[in-house]
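Visitor: Fit chain B to the supplied structure of chain A, relying on the hints for placement.
Number of protein chains: 2
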Amino acid sequence: MPVALDNEEDVVRLIASLACKGGDELRVGIGDDCAVLSLGGHLWCVTTDLMVEGVHFDLAYFTPYDLGRKVMAANLSDLAAMGADPRWGFLSLGMGPKPDSAFLRGVIRGLSDLGKQYGLSLAGGDTVRSPALILNLCIMGLAQGQGPLLRSGARPGDAICVTGNLGASAAGLAWLQQGGEADDPAALAAVQAHLRPTPRVAAGRALAQSGRAHAMMDLSDGLATDLARMALASQVGAEVLAERLPLDRTTRELAQRLGADPLEWALSGGEDFELLFTCDPAEVELLAEIVEEAEAGLTVTRVGRVTRGTGVELVGPDKQRRQIAFSGFDHFRAGQPE
Amino acid sequence: MPVALDNEEDVVRLIASLACKGGDELRVGIGDDCAVLSLGGHLWCVTTDLMVEGVHFDLAYFTPYDLGRKVMAANLSDLAAMGADPRWGFLSLGMGPKPDSAFLRGVIRGLSDLGKQYGLSLAGGDTVRSPALILNLCIMGLAQGQGPLLRSGARPGDAICVTGNLGASAAGLAWLQQGGEADDPAALAAVQAHLRPTPRVAAGRALAQSGRAHAMMDLSDGLATDLARMALASQVGAEVLAERLPLDRTTRELAQRLGADPLEWALSGGEDFELLFTCDPAEVELLAEIVEEAEAGLTVTRVGRVTRGTGVELVGPDKQRRQIAFSGFDHFRAGQPE
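In order, the protein sequences belong to chains A and B.
Numbering (this note's numbering) for the first sequence: 203 to 540.
Numbering (this note's numbering) for the second sequence: 203 to 540.
With the rest of the complex left out, here is chain A:
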């Protein structure tokens, strides 16, 4: 009898349980930001991201250039999460029956310009006809320092930190969806966060090289879901202080104008592509300096702590607690709008 799968975790768990498994060269398999392979004395990180028109992006907001750039950014963010150095990419492209050269040029330039910044080569791919625009990018990078930083290394007592600000991408998307102009100065920072995110490759590499972060991943589906994934992989709980969540001015102002809760954007909006990591509380300042050294102007904010419990608790300004694990974006959550 067919049984519906209710969320992404179930889908991934089912795939992992049935997937063919091979030799000992595979160090980390299904379930982290990247797979980790041991090849010729080096550790390689591999990740893949599938983006589908109407699900991941709306061509009303994205120029072809920005779309190509964003697919690359989302993938690079997964390598950043392991602290790996980008090297090769493989692009699969599904397009309508009459691909337009200006459109294709834009996509490949956007993707290549960002890839080039981080030393990546587009080495191969596949192009096919498709009813909706589809982009799948699979990229490989070389692990740095003492090897890739995993989701599973968080320890009770660790400080939970994030780079940059949260919720800006969701704020920008909400603005665009409500008919706001992309170049309105009052919304620009948020719109740019949505259309032109910066993958934290340099910061991720620096954190991995420092050997001081215990666990790391990137924030693609919102802190509530991504931190729950880290907690599950590390067999720990997490506590987040609402008042510590870093929200920039534009995000707060747009929330007020649109009647939205900026906290919701920060917890569940997704596509921040910032780094989430844990470390010894005594080393937060040192790691903040390391991150600032790697990417000028990039802040590190301590947003909570790792506990011996399970799940993710949000502690409000009134000290009230609520469980928020897995309340971020989920492609397959039952009851989600289709």
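Treat the hints as calculated values from the structure; they're not laboratory data.
Just so it is clear, the structure is predicted and the values come from calculations on it, not from any experiment.
Hints are not guaranteed to be accurate.
The list treats identical chains as interchangeable, and a pair is accepted whether it falls inside one copy or across any two copies.
As the list claims (entries may be wrong) - Here are the simulated lysine to aspartate or glutamate pairs, EDC-like style, with alpha carbons at most 16 Å apart:
1. Lys318 <-> Asp287
2. Lys300 <-> Glu211
3. Lys318 <-> Asp226
4. Lys300 <-> Glu383
5. Lys300 <-> Asp212
6. Lys521 <-> Glu441
7. Lys300 <-> Asp287
8. Lys300 <-> Glu491
9. Lys521 <-> Glu445
10. Lys223 <-> Glu211
11. Lys318 <-> Asp532
Guide: Here is chain B on its own, set in the frame of chain A:
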């Protein structure tokens, strides 16, 4: 001004001209069956294939198991074309909002059962919501012998050879599309060729290890198009003798029943997933023995010769010649049915 791109070659050429390019570890980039990377003293081949519901497969004919198996077969066939040994796979899966566990189980089992036969591990991937079913597989393999066999090695005077039979997959598809039963004994061999192709991994590896084949690729879009790609990459021409094309009995009989031309299926049908290679004419028999040693029962047929010209000429039984280059399956050919 937007300019429509008229065929896959134009699309790939445009992408290759704009793609970011990196260090000297990349030995073969966009344009062959696989990219070739030099890592830690070994050569690695990487390939990716995107399959979209309604374009590449019809769920009326494919069980979930056969669909998963075919995605793996199509990818393994690209590694076979380089003579590489399969190692890792990365699967991106786009599905409806309520994925059914029986369906997903079938797809992953089909894919994993075939992967396991060749020592491949499914190491990672991505799962997203999508309006149509989408499967993208990216796989890596280790090159054998003196390194991967490329498309560009064909030399004037070479014999042009193919493994197995041609046109059976197209015959099986035509049978199914005209309402034929999948298990009709008179059509079974062709239907199986369409639904359950065998990638020629062992034969490809043996040919690469022999060091005697000059050029190799797999037949996925039909001999007319794939041989034209090889001729172009090798800067040579090709001449194919119509009467030498290996057609099995079922394919001939189905052509008669359906009023179709079996030669068209062999030249333009696609999805044969057999190997196309060239070699010294004096060594065809030796290579046929090597292939039979690697895959019992697998034949090698010499179908033509490499010339100093350009394009691909088909020589009929009446000695009439016609140019057939690129008349096989093309996702973006202008004027093709949408």
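Visitor: Evaluate each hint against the coordinates.
Guide: Against the structure, the hints come out as follows:
For a Cα distance limit of 16 Å, the shortest separation of Lys318 from Asp287 inside one copy, 12 Å, qualifies, whereas the shortest one across copies, 30 Å, does not. In this assembly of identical chains, the alpha carbons of Lys300 and Glu211 lie at most 16 Å apart only when taken from different copies (13 Å versus 37 Å within one copy). In this homomeric assembly, Lys318 and Asp226 come within 16 Å of each other (Cα to Cα) only across copies, at 15 Å, whereas the closest approach inside a single copy is 32 Å. Taking the shortest Cα distances, Lys300 and Glu383 never come within 16 Å of each other, neither inside one copy (30 Å) nor across copies (34 Å).
Only between protomers do Lys300 and Asp212 lie at most 16 Å apart by alpha-carbon distance; the minimum there is 12 Å, versus 38 Å within a single protomer. For the identical chains of this complex, Lys521 and Glu441 are intra-copy neighbours only, at 12 Å inside a copy versus 80 Å across copies, given an alpha-carbon limit of 16 Å. For the homomeric pair Lys300 and Asp287, neither the shortest alpha-carbon distance inside one copy (36 Å) nor that between copies (36 Å) is at most 16 Å. Neither within a single protomer nor between protomers do Lys300 and Glu491 lie at most 16 Å apart by alpha-carbon distance, with minima of 50 Å and 45 Å respectively.
In this assembly of identical chains, Lys521 and Glu445 lie within 16 Å of each other by CA distance solely inside one copy; the values are 10 Å within and 83 Å between copies. Taking the shortest alpha-carbon separations for Lys223 and Glu211, neither the intra-copy value of 20 Å nor the inter-copy value of 36 Å comes in at or below 16 Å. Neither within a single protomer nor between protomers do Lys318 and Asp532 lie at most 16 Å apart by alpha-carbon distance, with minima of 31 Å and 30 Å respectively.
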